[in-house]
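> What follows is the residue order along each chain.
Number of protein chains: 2
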Amino acid sequence: MRLLQVTSPEDVLRIIRENFSSLGGETVEIKHAGQRVVGSDVIAPEDVPGFDRSTVDGYALRACDSFGAGEAMPALLNLGGEVRMGEAAPHLPLGACIYVPTGGMIPEGADAVVMLEDTEVLGDIVNCYRQVAPGENIIRRGEDISRGEVILKKGRLLRAPEIGVLASLGITDLQVTVKPRVGILSTGDEIVPYTTASLPPGQVRDSNALAVGELARQKGAEIIYGGILQDSYEIFKSGVEELLEQVDFLVLSGGSSVGTRDFTAQVLEELGKPGLLVEGVAIQPGKPTLLAKCREKPVLGLPGHPVSALNIFALFGTAIIDRLLGREEQEFLATVKARLSKNIPSRTGRTDFVRVKLSKKDNVTEATPVFGRSGLLRTLADAQGLVIVPAQSEGVLAGSEVDVILWE
Amino acid sequence: MRLLQVTSPEDVLRIIRENFSSLGGETVEIKHAGQRVVGSDVIAPEDVPGFDRSTVDGYALRACDSFGAGEAMPALLNLGGEVRMGEAAPHLPLGACIYVPTGGMIPEGADAVVMLEDTEVLGDIVNCYRQVAPGENIIRRGEDISRGEVILKKGRLLRAPEIGVLASLGITDLQVTVKPRVGILSTGDEIVPYTTASLPPGQVRDSNALAVGELARQKGAEIIYGGILQDSYEIFKSGVEELLEQVDFLVLSGGSSVGTRDFTAQVLEELGKPGLLVEGVAIQPGKPTLLAKCREKPVLGLPGHPVSALNIFALFGTAIIDRLLGREEQEFLATVKARLSKNIPSRTGRTDFVRVKLSKKDNVTEATPVFGRSGLLRTLADAQGLVIVPAQSEGVLAGSEVDVILWE
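Residue numbers (the numbering used here), protein chains in the order written: chain A, 1 to 408; chain B, 1 to 408.
No wet-lab data here; the hints were simulated from the structure.
Watch out, some of these pointers could steer you wrong.
Chain copies aren't distinguished; within one or between two, either way the pair holds.
Below, a list of computed lysine-lysine pairs in the BS3-like style, where the Cα atoms sit at most 30 Å apart [as the list claims (entries may be wrong)]:
{"hint": "1", "residue 1": "K361", "residue 2": "K31"}
{"hint": "2", "residue 1": "K293", "residue 2": "K31"}
{"hint": "3", "residue 1": "K337", "residue 2": "K357"}
{"hint": "4", "residue 1": "K357", "residue 2": "K297"}
{"hint": "5", "residue 1": "K337", "residue 2": "K293"}
Input sequences plus hints: build the corresponding full structure.
Spelled out as structure tokens, the structure:
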């Protein structure tokens, strides 16, 4: 039996950062670029807005013409015309003002807009009851985005606001990083396809491949299911080599028994340097995790238990996908603050991932640990999230405030 | 000019719940069911696991045969064979034990498993150095899921763990709710397609449709872009009627100017009862929001400013999509706790959505408000998230702890 050399989760993440990086880029239309990652810095080709615009419905004027105006003593201005939406504004004559709707172009000569509610129109004369400052109620050309500046950096995830920025600049296509192809291979003589209608005794359906595939897909990967390999060194080795050729990242699911682990580790060593990078992680559940670099590609060997497999993939598999996508580091993790309803015991030297159910009690959010075994998928589907107990902790007492990471 | 009757955001969400509901179901394969919503309760067709399994590598035995065993005095058992993965286990002879790998089937007659490391094999005899209790190291048939129980309730979002549960049960297809078709129509004489290469003075590209479409797509909708309508009552009315026929939910973008708002409201009233439900929301930015029910379908009129439009869609548009998807209410919102670096002033009676930039300072997460105008898309792309200042608050002081909702 091999002795495990366990690595801390922080070190595994560092090893992932040091060993893997972005796969390269491709051009896509921005209407299909949502949730993709920017492949090279985007430079603004023009100013936004492209002209000075009014932020209100009102009258464009020279601010100095309103100086001293008030409720009791309006400034009197000639009505010099109207700005139409979508059209160039007329020039502002001296001593006049021009009607401008919200978003309309500011006439040349004007430097402020007085709001409609601060004015009164009497024939061709506009009474202006408020003094306005230069620049008031105007967005200047280039105030949102200036031509030539880096508007989106390489590595940025394209969310709705970024898509809006690109559209406002008239950028119709952009360079994004390619979607990593993630291959998933299941092993284990007891594992049969999930489509098996009636299970003979001793056999179980392959649920991990599909569950892990769903996590990877959500993260922006394309999935290639490699099927199920028998627990035999030769079949396993050729299956791994074959799928590794076709993908950017290979995930091995199952093979939790000691014998399988041994030849999995052996095959990963034989596929070329540096081979195995991690052969066990100080995490509960999820200790029997393998990470290798074979032919420059990451290979992640997941523990066989469903809960462990999903935990480990959520932590390390998604970190690998982020690296392959060239995504910038995510510094901030959103969590739900909750009060723990029961003690969580923990051993120092090991990071614990504890499933919790959330509930509201007297307007306080309460987290109740679900202490099922890691073989039980149900406990994961029933839990809304996870609490992480760090390696140096001996546990968390009931009543403490905990940060719950939601499973979405 | 119409006077706005503003509604609180809580009331808008209540109105959405009361007026709209799930669209109906369709059957999909589970490998394509990720991020869909369960359409009807899923009943477990069988037990999981389907047989008693070992959770360790070891020897299956009768627990009573190990009673009194210890380091100094092992229990001696005959090695009665081996369980092979994927095969039915042999029967356990009296006074014997049988080797069983992790996940292997427990032989009939055995009621516990002693771990490999607590044993020693001497020829045909296994020395068992530890007493085990009945049930130890065994997952019982049906312990994860029992046949006949409701395993996933209608309205549940299908995340990775749920997909795993379905696969483990051999469920290959299931009923999910249909994806809502969301139509997006832009209005405004100044608005031109985002694909316009060179902008004439006074015109702006339509960035909202694409940005809002991306939010809706991420929420599980299918998007139909209806293009840009001119600011004219007739064109607008026939455009709205035409797209409304083809979709489940119509979003109107733009039309922030007072004139446009007036005929938008008029058209939404004319399309049939109940017509307008909300004609302004006590939210900053985002006040000029319209919500209507026309021909039983939701119609949401977004404010024209890009930041307001995205805020409002993130809040109410996604709530409408959740209702159409029949998704169960999400009770828990994950946030980032941060220390506010500057005061946020606020008027009571109005809920404020304040964009914030996050940074780390001496290991403390700091949130800095971005006080750009709501016309500036850039400020949204630069901010990682939002702080909500409730209507009853007069603002938040620098140094306070705030909950930041991330923009993902």
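> Identify every previously stated hint that the structure contradicts and give their numbers, smallest first.
Per hint list: 1, 4, 5 violated.
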